[in-house]
Structure formats: structure tokens, C-alpha cells
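Chains as they are written, first to last, in the working numbering: chain Z, 2 to 132; chain P, 2 to 132.
These are computed hints drawn from the structure, not numbers from a lab. Misleading hints may appear alongside valid ones.
A pair counts as met if it fits within one copy or between any two copies, since identical chains are not told apart.
[What the hints assert, rightly or not] With a Cα cut of at most 27 Å, we get these calculated BS3-like pairs of lysine-lysine:
hint, residue 1, residue 2
1, Lys91, Lys108
2, Lys57, Lys81
3, Lys57, Lys108
4, Lys108, Lys44
5, Lys57, Lys93
6, Lys93, Lys108
7, Lys67, Lys57
8, Lys108, Lys67
9, Lys108, Lys81
10, Lys91, Lys57
11, Lys67, Lys93
12, Lys108, Lys45
13, Lys57, Lys45
14, Lys93, Lys51
15, Lys81, Lys67
16, Lys44, Lys81
17, Lys91, Lys81
18, Lys67, Lys45
Protein chains: 2
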Amino acid sequence: MLIYSISELAREFAVSTRTIRYYEEMGLICPERNQNSRRIFTKKDYARLKLIMRGKRFGFQLNEIKEMVLLFDQDPTGQKQLVRTLGYGKEKILEINERIEELQELKIEMEEMMRRLEAGISLPRQKEEFQ
Amino acid sequence: MLIYSISELAREFAVSTRTIRYYEEMGLICPERNQNSRRIFTKKDYARLKLIMRGKRFGFQLNEIKEMVLLFDQDPTGQKQLVRTLGYGKEKILEINERIEELQELKIEMEEMMRRLEAGISLPRQKEEFQ
DNA sequence: TATAACATTAACGTTAACGTAAGCTTCAAG
DNA sequence: CTTGAAGCTTACGTTAACGTTAATGTTATA
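Between the sequences and the hints, there should be enough to build the whole structure, so can you do that?
Below, the structure written as C-alpha cells:
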């Protein structure tokens with residue numbers, strides 16, 4: 002599909018139309034309008050919304066998400082802008098790495114706890130440490 | 002250190018004392034009190050707060066976090082309770098796996114974009130897809 | 001012993017991220 | 001042609017997660 006109405010997008014991403022309008026209000030998306038001022042969403046808008054939703058799943062706030070998408074949106078033709086974008090991107094990648102590591106730790110801890118539970122051991126001392 | 006005051010914990014976790022009191026208000030922690038009704042935080046409370054903060058970093062809401070910590074808090078002596086806890090834990094591990102995968106995807110995409118930027122290529126077509 | 005630093009509860013204020021309702025226009029189907 | 005579904009704007013309502021203030025009590029220390 003090449004273009005979407007607001008309700009189609011809302012259905013697709015399992016959010017309300019109000020949510021999408023709110024994202025436009027906040028400047029995270031800028032869909033075109035037809036002659037009757039109805040919003041027209043392109044594939045580009047779709048992709049943008051997908052990024053926004055992912056950011057939300059990761060617990061980022063809308064203004065953080067906005068900062069990210071806007072920064073990567075403008076093509077950094079100027080040398081200075083490019084350097085800035087690169088620095089930002091590398092920083093974000095480091096943050097992502099930290100998150101991945103933390104999640105893997107959490108996973109290991111939970112698996113450990115599951116094993117203990119399955120073995121039928123309460124292990125109050127260990128519990129104290131984890132809890 | 003074996004016990005903490007509320008301001009010590011607040012400093013340690015870089016939050017306000019109000020935040021810690023709020024978590025108690027919401028039932029996420031239950032610190033003991035001294036004879037003058039001042040809160041006394043033990044190592045156990047410290048560990049609990051650490052878990053809460055991690056949950057926050059992952060974008061969980063306080064009631065979700067509460068559900069988790071409370072569920073793993075009670076030792077599931079009853080068979081039924083144990084089964085329930087095990088099921089919940091395995092579900093959570095699956096969720097964590099999904100998050101890790103999603104983060105790794107995101108990381109790859111961002112590294113890809115960084116490489117393109119460093120190569121000095123705008124790639125409008127690719128931009129459209131990612132953006 | 002005074003006094004600053006820290007603690008308590010109670011209560012009202014704030015902000016992000018929407019929900020909801022009203023009043024209007026537009027569009028598609030029978 | 002009407003009628004119901006969908007869209008629009010405006011605006012007020014809601015909730016989670018605290019911030020802030022007030023009024024008061026406690027503790028440490030010079």
C-alpha cells in the first residue's frame with residue numbers, strides 16, 4: 002500500500018487516531034494534507050511511526066524520540082552537521098549496547114531463579130541477594 | 002554498609018526522597034521504622050530499589066514492576082503458587098528475549114546508517130526506508 | 001544548648017501522553 | 001438524497017509519577 006488514512010495507520014499500530022494526531026501536534030510527524038485538510042500518510046510516514054513505536058517500547062519519551070528522528074531526518078550535508086550527527090549516533094549505539102548487556106544480565110538472573118524454583122529450592126540467602 | 006537513611010538511598014540511586022516515599026506509598030517497598038517512625042532501609046530494601054530502578058530504565062510502569070517484585074518476593078511454597086510464578090517468569094524471559102533481539106536489530110540499523118554517513122553518502126532511497 | 005540538617009505526614013501542584021466529547025465537514029453506500 | 005462512517009479542530013478531562021510547600025518533630029554538632 003502506498004498511502005494510508007489516519008484510521009488505517011491507527012489500526013496498523015494498534016493506537017488511537019488521537020495518538021497519531023498528538024504525535025503530529027508534537028512535531029514527530031508531518032503528514033501531507035489533501036484539498037480538504039485530511040491527513041495523507043505516505044510510506045515515509047509509516048516508517049517514521051514505526052520508529053516512534055519502537056522508541057516507545059524502549060521506554061523513551063516523546064521528546065527524546067523526536068530529537069532522534071529529527072536529527073537523522075535532515076541530511077547532514079554540512080560538515081559540522083555531519084560530525085554532530087555521527088557523534089550522536091555513536092553515543093546512541095553505546096547506550097543501546099549498555100541496554101543489551103543489562104537485559105542479558107537480567108535474563109541470566111531470571112533463568113537462575115527459574116532453575117532454583119523448578120528444583121524446589123527456596124534458598125532464602127540467595128533470595129535476599131536477588132530480591 | 003548495613004542500613005541506610007532515606008537520603009543516603011536517594012543519593013545512591015540519584016532520585017529524590019519523595020520518589021522513595023512514593024514507592025513505599027505504592028507498596029513497592031516496605032522499609033522498617035525506628036521508634037520515631039523514621040524509615041530504616043536494609044540491604045534487602047537496597048536490592049529491591051535496584052530492581053525497581055532497572056525496571057524503570059526498561060520503561061516498565063510502577064504497577065508492572067510491583068507485580069514482578071511482589072511475585073518473586075513471596076516464596077511459592079504452595080504448588081499452585083509455584084506453577085504460577087514459574088509461568089510468569091518464563092513469560093518474562095520470553096519478553097526479555099524479544100527486547101534483546103529488537104535492540105540488536107536497532108543497533109545493526111544504526112551502525113549501517115553510521116557507515117553510510119561516514120562514507121559521505123546520503124542515500125535518499127535508503128533514508129526513506131529507514132526514516 | 002542552640003541551631004542547622006534531616007526526618008515525618010498531608011496536601012496541593014505539575015507534566016507527559018493521551019482520552020473524550022462537541023460541533024462541524026466530507027465521503028461512500030444504499 | 002440521506003444517512004452513517006470517518007475526518008477535522010477545539011477544548012476540557014484523566015492518570016502516573018513525582019515536585020513542592022507547610023507545619024512539625026528529631027538528631028547531630030559546634
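Now for the hints, and whether the structure bears them out:
1. In this assembly of identical chains, the alpha carbons of Lys91 and Lys108 lie at most 27 Å apart whether taken from the same copy (26 Å) or from different copies (10 Å).
2. With identical chains, the CA atoms of Lys57 and Lys81 are never at most 27 Å apart, being 30 Å at best within one copy and 35 Å at best between copies.
3. Taking identical chains as interchangeable, the C-alpha atoms of Lys57 and Lys108 lie at most 27 Å apart whether they share a chain (21 Å) or sit on different chains (16 Å).
4. Taking the shortest alpha-carbon separations for Lys108 and Lys44, only the inter-copy value of 22 Å comes in at or below 27 Å, while the best intra-copy value is 36 Å.
5. For the identical chains of this complex, Lys57 and Lys93 are neighbours both inside a copy (15 Å) and across copies (18 Å), given an alpha-carbon limit of 27 Å.
6. Proximity of Lys93 and Lys108 under a CA criterion of 27 Å is satisfied in both settings, with 22 Å inside one chain copy and 9 Å between copies.
7. Both within a single protomer and between protomers do Lys67 and Lys57 lie at most 27 Å apart by alpha-carbon distance, with minima of 11 Å and 20 Å respectively.
8. Taking identical chains as interchangeable, the C-alpha atoms of Lys108 and Lys67 lie at most 27 Å apart only when they sit on different chains, with a minimum of 18 Å there against 30 Å within one chain.
9. For a Cα distance limit of 27 Å, the shortest separation of Lys108 from Lys81 across copies, 24 Å, qualifies, whereas the shortest one inside one copy, 41 Å, does not.
10. Taking CA atoms no more than 27 Å apart as the test, Lys91 paired with Lys57 passes in both settings, with 20 Å inside one copy and 23 Å between copies.
11. For the identical chains of this complex, Lys67 and Lys93 are intra-copy neighbours only, at 14 Å inside a copy versus 29 Å across copies, given an alpha-carbon limit of 27 Å.
12. Taking CA atoms no more than 27 Å apart as the test, Lys108 paired with Lys45 passes between copies only; the shortest distance there is 21 Å, against 35 Å inside one copy.
13. When the C-alpha separation of Lys57 and Lys45 is checked against a cutoff of 27 Å, the pair qualifies only within one copy, where the shortest distance is 19 Å, while the shortest distance between copies is 31 Å.
14. Taking the shortest alpha-carbon separations for Lys93 and Lys51, both the intra-copy value of 18 Å and the inter-copy value of 23 Å come in at or below 27 Å.
15. For the homomeric pair Lys81 and Lys67, the shortest alpha-carbon distance inside one copy (21 Å) is at most 27 Å, but the shortest distance between copies (46 Å) is not.
16. In this homomeric assembly, Lys44 and Lys81 never come within 27 Å of each other (Cα to Cα): the closest approach is 30 Å inside a single copy and 49 Å across copies.
17. When the C-alpha separation of Lys91 and Lys81 is checked against a cutoff of 27 Å, the pair qualifies only within one copy, where the shortest distance is 16 Å, while the shortest distance between copies is 48 Å.
18. Taking the shortest Cα distances, Lys67 and Lys45 sit within 27 Å of each other inside one copy (15 Å), while across copies they are farther apart (39 Å).
The structure is inconsistent with the numbered hints 2 and 16, although it conforms to all the rest.
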